[in-house]
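K.L.:
This is what each chain is made of:
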Amino acid sequence: MSKSVLVTDDALYCRMELKNILTSRGYRVVGEARNGQEAVERYRELRPDLVTMDVVMPEMDGVAAVKKIREIDPGATILMCSSMGQRSLLMEALQAGASDFVTKPFRDRSVLNSVRKLIG
Amino acid sequence: MDSVRLDKRELAEAVIDAASMVLRDLLKLPPRRGQMQITPIQFTRDELTIVTRISGDISGEIFLGMSKETALAILRQMLRREVTGFGRLEKSALAELGTLVTDTALALLEERGALCYSTWSGVVTGREERVTPFSEPTLAAPLSLAVGEVNVNVMFEGYAPFAWASPEARLAARRRLRLSPGERPAEEAVPLAA
Chain A
13 MSKSVLVTDD ALYCRMELKN ILTSRGYRVV GEARNGQEAV ERYRELRPDL VTMDVVMPEM
73 DGVAAVKKIR EIDPGATILM CSSMGQRSLL MEALQAGASD FVTKPFRDRS VLNSVRKLIG
Chain B
297 MDSVRLDKRE LAEAVIDAAS MVLRDLLKLP PRRGQMQITP IQFTRDELTI VTRISGDISG
357 EIFLGMSKET ALAILRQMLR REVTGFGRLE KSALAELGTL VTDTALALLE ERGALCYSTW
417 SGVVTGREER VTPFSEPTLA APLSLAVGEV NVNVMFEGYA PFAWASPEAR LAARRRLRLS
477 PGERPAEEAV PLAA
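Chains A and B, in that order, give the protein sequences.
Counting from 13, one number per residue, gives the positions in the first sequence under my numbering.
Counting from 297, one number per residue, gives the positions in the second sequence under my numbering.
Looking at chain A on its own, in the form it has when it is part of the complex:
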């Protein structure tokens, strides 16, 4: 069974990009979330092998979502996706338990390298 991924980003374009990159290498994108709150709810339902998480989102941001998901499952694997201008928030997310990060704009190779390293 291929590994499952939950993609979280408020921008449709970013969700599509990640989905295309991941499915091209056989990962299953089992769900999408548009903010941190949705990511937490979907995580409870789906228990994916990996969550990709944008940093700045409406309702609940990526840092808060990382904390909530780690409360639900301390073993959750979370890959942060951020742009250059969010370094301090990215550090907060890593301190809250995120495993790794990739920067936007997405490059296929760096996304796949990080994902492979985290979930195989």
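What the hints contain is simulated information worked out from the structure, not anything from laboratory work.
Please read all numbers here as calculations on a predicted model, not as lab measurements.
Glycine is no exception: its CB is placed at the ideal position from the N, C-alpha and C atoms.
Any given hint might turn out to be false.
Stated by the list, open to error - Below are the EDC-like pairs computed for lysine to aspartate or glutamate, each with C-alpha atoms no more than 20 Å apart in a straight line: (1) A/Lys15 / A/Glu57; (2) B/Lys364 / B/Glu343; (3) A/Lys31 / B/Glu378; (4) B/Lys324 / A/Asp120; (5) A/Lys79 / A/Glu57; (6) A/Lys15 / A/Asp85; (7) A/Lys80 / A/Glu53; (8) A/Lys31 / A/Asp61; (9) A/Lys31 / B/Glu386.
Stated by the list, open to error - Pairwise CB distance ranges, derived in the manner of DEER restraints: (10) B/Thr335 / A/Ile84: 48 to 54 Å; (11) B/Lys324 / A/Thr35: 22 to 28 Å; (12) A/Pro86 / B/Gly454: 43 to 49 Å; (13) B/Glu378 / A/Asp120: 17 to 23 Å; (14) A/Arg119 / B/Glu424: 37 to 43 Å; (15) B/Thr380 / A/Pro86: 47 to 53 Å; (16) A/Gly132 / B/Pro433: 51 to 57 Å; (17) A/Asp85 / B/Ser363: 45 to 51 Å.
Assemble chain B onto chain A, guided by the hints.
P.N.:
Using the frame of chain A, we list chain B on its own:
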């Protein structure tokens, strides 16, 4: 913290540099930069305008104006396929371009002590559309690309009241502002993948 006293020109330079960097990465060709000028932008002057709002130590708006043909050429690079119109995905991609340019500029500003963040990006199509309630003039510079011209406009509204507070207080204020509801409209629901 007096290092956040950036002037309008420094802010505009950071945004124009950032737009050059992002477009160069995307189109694999460096844009040619035209002269900076002062120009009003209460109403759009281009066929398509990407608007991004920034808040934090400095607040303002960033506009990337272009023709529809130029936007379509940029979208073909971003989406890696033929594009002929401006649907939900295409508008989301252009808004993300605005966010990328702004976040790259904000990273340059952060190195100089100003903590800011982008709160919202959107796309306005058509000329003579009102894009901002403010009538402040903007600093603008055109970037010439192989696929057309992108007009970068930067409107500086002012400094935040907490701009000279401690870094911790500024981060806390920034977090509160970022979390205020309604600043960034959520997109329509997307069905779960099978």
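K.L.:
Hint by hint, note whether the structure agrees.
P.N.:
Going through the hints against the structure:
1. A/Lys15 / A/Glu57: Holds - the C-alpha atoms of A/Glu57 and A/Lys15 are around 16 Å apart, at most 20 Å.
2. B/Lys364 / B/Glu343: The given pair, whose Cα atoms are some 6 Å apart, holds under the 20 Å limit.
3. A/Lys31 / B/Glu378: Distance of about 19 Å is within 20 Å: holds.
4. B/Lys324 / A/Asp120: OK: B/Lys324 and A/Asp120 at ~16 Å, within 20 Å.
5. A/Lys79 / A/Glu57: holds (17 Å)
6. A/Lys15 / A/Asp85: Holds, because 17 Å separates the two Cα atoms, which is no more than 20 Å.
7. A/Lys80 / A/Glu53: holds (10 Å)
8. A/Lys31 / A/Asp61: holds (15 Å)
9. A/Lys31 / B/Glu386: holds (16 Å)
10. B/Thr335 / A/Ile84: 48 to 54 Å: holds (51 Å)
11. B/Lys324 / A/Thr35: 22 to 28 Å: holds (26 Å)
12. A/Pro86 / B/Gly454: 43 to 49 Å: holds (44 Å)
13. B/Glu378 / A/Asp120: 17 to 23 Å: holds (20 Å)
14. A/Arg119 / B/Glu424: 37 to 43 Å: holds (39 Å)
15. B/Thr380 / A/Pro86: 47 to 53 Å: Since B/Thr380 and A/Pro86 have Cβ atoms about 48 Å apart, the given range 47 to 53 Å holds.
16. A/Gly132 / B/Pro433: 51 to 57 Å: Hint holds: Cβ distance 55 Å, inside 51 to 57 Å.
17. A/Asp85 / B/Ser363: 45 to 51 Å: The hinted range 45 to 51 Å holds for A/Asp85 and B/Ser363, with Cβ atoms some 49 Å apart.
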